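Visitor: The lines below spell out each chain.
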Amino acid sequence: MTSGMRGRTGACVLLVALLLSTLVSLSLGRFSIPLKTVAAILLEPLFDIPAFWSNTEAQVVWAVRFPRVALAAFVGAGLALAGASLQSLFRNPLADPQILGVSSGAALGGVVGILLAGTGWPTICGSFAGGIASLALVFWLAGGTGAGRGSAVMLVLAGLVVGAVGAAGIALVKYAADPDNQLPAIVFWLLGSLAAADKKSLYVTAPPILFSAALILGLRFHLSALAVGEEDARNLGVPVRTVRLLALGAAGLATAAAVAVSGVVGWVGLVVPHLVRLSFGANHRWFFLNTLLGGAGYLILVDTAARTLVAAEIPLGALTALLGAPIFAVLLRRLRGKTDA
Amino acid sequence: MPEPIVARDLGYRYDRDWVFRHLDFRLPAACLTAILGPNGCGKSTLLAALSGIRTPVEGTVSRRETGLALVPQSLEPTLPFTGLDMVLLGRARSISLFSAPTATDYAAARDALARLEAAHLADRAFDVMSGGERQLVLIARALVSSSAVLLLDEPTAALDWHRQAHVLNLLRQLADDGLAVAFTTHAPQHALDFADQVLLMAEPERQLSGPPEDVLGEEALSKLYRIPVKRLRLPDSECSTAIPVLRGYCPLSRAVREDARPS
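As you go down the protein sequences, you meet chains A and B in turn.
So the numbering used here is basically just the index in the first sequence, starting at one, shifted up by 48.
So the numbering used here is basically just the index in the second sequence, starting at one, shifted up by 4.
Since the hints were made in silico from the structure, they are not lab data.
Treat the numbers as computed from the prediction; the structure is a model and nothing was measured.
Each hint should be verified, as a subset may be incorrect.
[Stated by the list, open to error] Taking CB as the label site, the calculated pair distances span:
#1 Asp19(B) - Asp226(A): 55 to 61 Å
#2 Gly71(B) - Gly297(A): 26 to 32 Å
#3 Ala107(B) - Val64(A): 24 to 30 Å
#4 Asp19(B) - Pro374(A): 43 to 49 Å
#5 Ala373(A) - Glu209(B): 54 to 60 Å
#6 Ala129(B) - Pro227(A): 52 to 58 Å
#7 Glu209(B) - Leu258(A): 56 to 62 Å
Every residue, glycine too, gets a C-beta built ideally from N, C-alpha and C.
Using the sequences and the hints, build the whole thing.
Guide: Written out as structure tokens, the structure reads:
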């Protein structure tokens, strides 16, 4: 099978998986709705289907579950794409939004928001500001997007510094927070959750993530070329600086938008691109699209598990880490087997 | 018509010692140039300086804007690309931002692999290919860029004799088609059989250049490689070849010979 056919097959499989996981997620919950009913409720605005469901069921699907499922899809797609593009940019399969320090920068902004004005809009605005500010700081520390040979290394080191500053800041905010009200809110938000999902958070997250996704998908071929090597890409005629600037900006924006509404949900940017590459290859045309579809489906499923597995809600960030680390360990072992051969 | 590449008084050093200096080099169109020199004499560095990915410490390189492709000795990509994926990257110059390879690009990539008798590598994973297979893919990647200048760093280093003959004849043909082609090699015979001109990087501040027959004499080659080299005219052929006398010059084998000598 050619790598193009493999990629196209992947896109079909992942699209079907995304649709199925959406349906399953909408049907599961404390108030369970049959899959057929969910499908009918979703299709009702488009087709003339006689209502055989109750008002409550329609309410649960559209008003309660849909915003959360859609938000999970956007956050998952954004984080996975951010991870995939950073892996290409740094030619490092272990790169991830946390490496650039954007995650912790956004998290610091979020907790400052909680400290000063409470959860909701202040958190969202704070993490946006924190994410963008940390991205700018990383750029400044690494000396812009200079075409120097060590610039990828410089960016990673700058990310390390900014990440450390973010972590220290978060510790200080926790120390200063009111232990009865603010501290629990901060800790829960930091664990990562989509429990507060509503239309408002969807409006905040969707546009920046859609914009970033469009940028990254548009750059898919040139990001692949960069993955082979900076010097080699320049010799092939790739506008390295422009591609790097655009892709870093897009990855940072997507991460900030995701953290703003869901807290720190780790590992998605690492695990999803790896699974996609392993199953469907790294074809220039399809890899980033497949990562988008896979990331959306993956986070929908994990979030469904987070809210349905036990009576109380499991923090999403804890679950993605719990799932991500073992998956990654298996991938590492397989990768090692490959290089031994 | 100006030459695609003209380098004047080129010098490069990594720290204090010059790798090469006072190097003048012209790469005309429709010309195949072989670059010879011992290990570490700066052949790869010279190609990098000519292609523009390294800035020389001294001197200037003027390039006519005709597109230039550099074939590295090897590459270690971090992502699992197939052979065809790798070749497609050669089209980067003609694929603008926010677009992806089209059917034309795919056809050109398959065509380039076929020209190297390497069509079977299209769907194989690049990271598990042998050194020789990788070289073929990287050469195909340079062909697909439709550049007027090709610079190849030891394109035949990992190839068997059949593949060497194939690649060298292809380079000859590309030069005859009007391309400016330069390659580095450790085999003087490649230069004698195929090249129009040769650049011999004899010493850091002394280079020889000219037609291979003139430059690659027994004395020059023996001095260059620090072993005796014989030039022989091949029977039933117009060609002559250069044969290194490999035995007897490594310290260990000299010691062995002296031990074996009856006292």
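Visitor: Each of the hints needs a verdict: does it hold here or not?
Guide: Now for the hints, and whether the structure bears them out:
For Asp19(B) paired with Asp226(A), a C-beta distance near 59 Å keeps the hint of 55 to 61 Å intact. Between Gly71(B) and Gly297(A), the C-beta spacing of about 30 Å keeps the proposed range 26 to 32 Å intact. In this structure, Ala107(B) and Val64(A) meet the distance hint of 24 to 30 Å, their C-beta atoms being roughly 26 Å apart. At roughly 47 Å, the beta carbons of Asp19(B) and Pro374(A) sit within the given window of 43 to 49 Å.
A hinted range of 54 to 60 Å for the beta carbons of Ala373(A) and Glu209(B) is consistent with their spacing of about 58 Å. Look at Ala129(B) against Pro227(A): about 55 Å separates their beta carbons, and that is inside 52 to 58 Å. Between Glu209(B) and Leu258(A) the C-beta distance comes to about 60 Å, which sits within the given range of 56 to 62 Å.
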